[in-house]
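Residue numbers (our numbering): 14 to 164.
Bear in mind the hints are in silico, worked out from the structure with no lab data behind them.
Positions of the beta carbon are idealized from the N, C-alpha and C atoms, including for glycine.
Watch out, some of these pointers could steer you wrong.
List of simulated lysine-lysine pairs, DSS-like, C-alpha gap at most 30 Å [stated by the list, open to error]:
| # | residue 1 | residue 2 |
| --- | --- | --- |
| 1 | Lys113 | Lys162 |
| 2 | Lys79 | Lys162 |
| 3 | Lys79 | Lys113 |
Across the chosen pairs, the derived CB separations fall in these ranges [as the list claims (entries may be wrong)]:
| # | residue 1 | residue 2 | range |
| --- | --- | --- | --- |
| 4 | Pro33 | Ala138 | 16 to 26 Å |
| 5 | Gly139 | Glu87 | 34 to 44 Å |
| 6 | Gly156 | His74 | 27 to 37 Å |
| 7 | Pro40 | Pro89 | 12 to 22 Å |
| 8 | Phe90 | Pro158 | 34 to 44 Å |
| 9 | Gly76 | Asp136 | 17 to 27 Å |
| 10 | Arg92 | Lys162 | 13 to 23 Å |
| 11 | Thr81 | Ala138 | 32 to 42 Å |
| 12 | His36 | Gly139 | 32 to 42 Å |
| 13 | Pro88 | Gly112 | 17 to 27 Å |
| 14 | Gly139 | Pro33 | 35 to 45 Å |
| 15 | Gly153 | Asn78 | 18 to 28 Å |
| 16 | Arg37 | Ala91 | 34 to 44 Å |
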Amino acid sequence: MPDPSRSPATAGFQIIVEDPAWHRLVPGAVRLVARAAQAAGGRASIVLASDHAVRQLNARHRGRNKATNVLTFEPPFARMPGEIVIASGVVAREAAREGKRVADHLAHLVIHGLLHLAGHDHDEAGAAQRMEMAESRLLGRIGRPNPWKRS
14 MPDPSRSPAT AGFQIIVEDP AWHRLVPGAV RLVARAAQAA GGRASIVLAS
64 DHAVRQLNAR HRGRNKATNV LTFEPPFARM PGEIVIASGV VAREAAREGK
114 RVADHLAHLV IHGLLHLAGH DHDEAGAAQR MEMAESRLLG RIGRPNPWKR
164 S
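Construct the entire structure; sequences and hints are all you get.
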(Lines of atoms letter the chains of each structure in order from A; the text may use other names.)
(Lines give C-alpha, C1' and ligand atoms only; values in the text may rest on other atoms or scores of the structure.)
Protein backbone atom coordinates (compact mmCIF):
# COMPACT_ATOMS: atom_id res chain seq x y z
CA MET A 14 0.00 0.00 0.00
CA PRO A 15 1.43 3.48 -0.89
CA ASP A 16 2.50 5.83 1.88
CA PRO A 17 -0.36 8.37 2.23
CA SER A 18 2.09 11.04 3.40
CA ARG A 19 3.84 11.02 0.01
CA SER A 20 2.51 11.84 -3.39
CA PRO A 21 3.96 10.40 -6.55
CA ALA A 22 6.25 12.76 -8.46
CA THR A 23 3.75 14.40 -10.77
CA ALA A 24 4.32 17.18 -13.29
CA GLY A 25 7.75 17.97 -11.87
CA PHE A 26 6.97 17.98 -8.17
CA GLN A 27 6.60 15.66 -5.21
CA ILE A 28 4.64 16.40 -2.05
CA ILE A 29 5.78 14.97 1.28
CA VAL A 30 3.76 15.39 4.47
CA GLU A 31 6.36 15.23 7.24
CA ASP A 32 4.02 16.64 9.91
CA PRO A 33 0.64 14.85 10.22
CA ALA A 34 -0.80 18.05 11.75
CA TRP A 35 -1.18 19.31 8.18
CA HIS A 36 -4.04 16.84 7.62
CA ARG A 37 -5.95 18.46 10.49
CA LEU A 38 -5.05 22.04 9.56
CA VAL A 39 -5.90 21.69 5.87
CA PRO A 40 -8.11 18.74 4.94
CA GLY A 41 -7.05 17.79 1.42
CA ALA A 42 -3.67 19.52 1.87
CA VAL A 43 -1.91 17.32 -0.69
CA ARG A 44 -4.53 18.08 -3.37
CA LEU A 45 -4.36 21.80 -2.59
CA VAL A 46 -0.55 21.84 -2.77
CA ALA A 47 -0.67 19.92 -6.06
CA ARG A 48 -3.11 22.47 -7.56
CA ALA A 49 -0.95 25.41 -6.43
CA ALA A 50 2.22 23.75 -7.71
CA GLN A 51 0.64 22.97 -11.07
CA ALA A 52 -0.55 26.57 -11.41
CA ALA A 53 2.94 27.92 -10.70
CA GLY A 54 4.79 25.33 -12.79
CA GLY A 55 8.40 24.53 -12.10
CA ARG A 56 9.93 21.55 -10.38
CA ALA A 57 10.23 20.97 -6.65
CA SER A 58 9.84 18.62 -3.76
CA ILE A 59 7.34 20.27 -1.42
CA VAL A 60 7.59 19.23 2.21
CA LEU A 61 4.76 20.01 4.63
CA ALA A 62 6.82 20.00 7.80
CA SER A 63 6.65 20.75 11.49
CA ASP A 64 7.98 23.95 13.05
CA HIS A 65 10.71 21.87 14.68
CA ALA A 66 11.96 20.53 11.33
CA VAL A 67 11.91 23.99 9.75
CA ARG A 68 13.70 25.52 12.74
CA GLN A 69 16.48 22.93 12.40
CA LEU A 70 16.83 23.57 8.66
CA ASN A 71 16.77 27.34 9.16
CA ALA A 72 19.50 27.09 11.82
CA ARG A 73 21.66 24.79 9.70
CA HIS A 74 21.34 26.60 6.37
CA ARG A 75 20.66 30.22 7.30
CA GLY A 76 22.10 30.54 10.81
CA ARG A 77 18.70 31.50 12.25
CA ASN A 78 17.57 29.25 15.09
CA LYS A 79 13.83 29.78 14.64
CA ALA A 80 11.03 28.44 12.54
CA THR A 81 9.88 30.48 9.55
CA ASN A 82 6.86 29.95 7.32
CA VAL A 83 8.67 28.71 4.19
CA LEU A 84 12.21 27.80 3.19
CA THR A 85 13.20 27.41 -0.44
CA PHE A 86 16.31 25.51 -1.48
CA GLU A 87 17.81 25.73 -4.95
CA PRO A 88 18.48 22.38 -6.64
CA PRO A 89 21.94 20.97 -5.90
CA PHE A 90 22.55 20.13 -9.56
CA ALA A 91 21.17 21.30 -12.89
CA ARG A 92 17.97 19.56 -14.01
CA MET A 93 17.16 18.47 -10.45
CA PRO A 94 14.17 19.88 -8.55
CA GLY A 95 14.52 22.42 -5.79
CA GLU A 96 12.88 21.97 -2.41
CA ILE A 97 10.23 23.97 -0.58
CA VAL A 98 9.66 23.31 3.12
CA ILE A 99 6.62 24.82 4.87
CA ALA A 100 6.11 24.93 8.67
CA SER A 101 2.67 23.91 9.97
CA GLY A 102 2.54 25.90 13.20
CA VAL A 103 4.00 29.09 11.77
CA VAL A 104 1.55 29.01 8.86
CA ALA A 105 -1.42 28.35 11.17
CA ARG A 106 -0.42 31.21 13.50
CA GLU A 107 0.16 33.64 10.62
CA ALA A 108 -3.17 32.75 9.05
CA ALA A 109 -5.00 33.29 12.36
CA ARG A 110 -3.21 36.61 12.99
CA GLU A 111 -3.96 37.84 9.46
CA GLY A 112 -7.57 36.58 9.40
CA LYS A 113 -6.88 34.15 6.54
CA ARG A 114 -7.81 30.53 6.00
CA VAL A 115 -4.83 28.22 6.57
CA ALA A 116 -5.51 26.60 3.18
CA ASP A 117 -5.29 29.96 1.40
CA HIS A 118 -2.05 30.83 3.17
CA LEU A 119 -0.59 27.41 2.32
CA ALA A 120 -1.46 27.81 -1.38
CA HIS A 121 0.18 31.24 -1.34
CA LEU A 122 3.39 29.91 0.22
CA VAL A 123 3.63 27.05 -2.29
CA ILE A 124 3.36 29.53 -5.15
CA HIS A 125 5.75 31.93 -3.40
CA GLY A 126 8.37 29.18 -3.06
CA LEU A 127 8.02 28.06 -6.67
CA LEU A 128 8.38 31.64 -7.88
CA HIS A 129 11.61 31.90 -5.86
CA LEU A 130 12.89 28.74 -7.57
CA ALA A 131 11.97 30.32 -10.92
CA GLY A 132 14.20 33.31 -10.11
CA HIS A 133 11.74 35.80 -8.61
CA ASP A 134 12.74 37.74 -5.54
CA HIS A 135 11.35 40.47 -3.30
CA ASP A 136 14.50 42.20 -2.08
CA GLU A 137 13.75 45.45 -3.95
CA ALA A 138 10.43 47.30 -4.28
CA GLY A 139 9.99 46.74 -8.03
CA ALA A 140 10.87 43.05 -7.82
CA ALA A 141 8.58 42.62 -4.81
CA GLN A 142 5.68 44.20 -6.69
CA ARG A 143 6.24 41.95 -9.71
CA MET A 144 6.39 38.87 -7.46
CA GLU A 145 3.22 39.88 -5.61
CA MET A 146 1.40 40.41 -8.92
CA ALA A 147 2.50 36.97 -10.13
CA GLU A 148 1.38 35.38 -6.85
CA SER A 149 -2.03 37.09 -7.06
CA ARG A 150 -2.54 36.02 -10.69
CA LEU A 151 -1.59 32.38 -9.99
CA LEU A 152 -3.72 32.20 -6.82
CA GLY A 153 -6.67 33.56 -8.80
CA ARG A 154 -6.26 30.73 -11.31
CA ILE A 155 -6.91 28.20 -8.56
CA GLY A 156 -9.72 30.17 -6.93
CA ARG A 157 -7.75 31.48 -3.95
CA PRO A 158 -7.94 35.09 -2.73
CA ASN A 159 -5.32 37.74 -3.37
CA PRO A 160 -3.17 37.78 -0.20
CA TRP A 161 -2.13 41.40 -0.88
CA LYS A 162 -5.64 42.84 -1.16
CA ARG A 163 -6.77 44.50 2.02
CA SER A 164 -10.31 43.74 3.12
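Requested in this report: For Arg37 and Ala91, compare the CB-CB distance with the range 34 to 44 Å and indicate the outcome.
Outcome: About 38 Å separates the Cβ atoms of Arg37 and Ala91, which means 34 to 44 Å holds.
Query raised in the report: Does the hinted range 32 to 42 Å hold for His36 and Gly139 at CB?
Result: Cβ of His36 to Cβ of Gly139: about 39 Å, so the range 32 to 42 Å holds.
Query - Outcome for the supplied range 34 to 44 Å, where the beta carbon pair is Phe90 and Pro158 - result: holds (37 Å)
**Report entry** Range agreement (Cβ of Pro33 with Cβ of Gly139, hint 35 to 45 Å)
**Finding:** The hinted range 35 to 45 Å holds for Gly139 and Pro33, with Cβ atoms some 41 Å apart.
Query raised in the report: Do Gly153 and Asn78 keep their Cβ atoms within the hinted range of 18 to 28 Å?
Result: violated (37 Å)
Query raised in the report: Should the hint that Pro33 and Ala138 are 16 to 26 Å apart at their CB atoms be regarded as holding?
Result: violated (40 Å)
Query raised in the report: Should the hint that Gly156 and His74 are 27 to 37 Å apart at their CB atoms be regarded as holding?
Result: The hinted range 27 to 37 Å holds for Gly156 and His74, with Cβ atoms some 33 Å apart.
Query raised in the report: Does the Cβ distance between Gly76 and Asp136 fall inside 17 to 27 Å?
Result: holds (18 Å)
Query raised in the report: Between Arg92 and Lys162, does the C-beta distance stay in 13 to 23 Å?
Result: With a Cβ separation near 37 Å, Arg92 and Lys162 fall outside 13 to 23 Å, so the hint is violated.
Query - Distance restraint evaluation - Gly139, Glu87, Cβ atoms, bounds 34 to 44 Å - result: violated (22 Å)
Query raised in the report: Does the alpha-carbon distance linking Lys79 and Lys113 stay inside the 30 Å limit?
Result: Roughly 23 Å between the alpha carbons, so the hint for Lys79 and Lys113 holds.
Query - Distance restraint between Lys113 and Lys162, which requires alpha-carbon spacing of 30 Å or less - result: Judged against 30 Å, a Cα distance of about 12 Å means the pair holds.
Consistency note: the structure conflicts with the earlier hints numbered 4, 5, 7, 10, 11, 13, 15.
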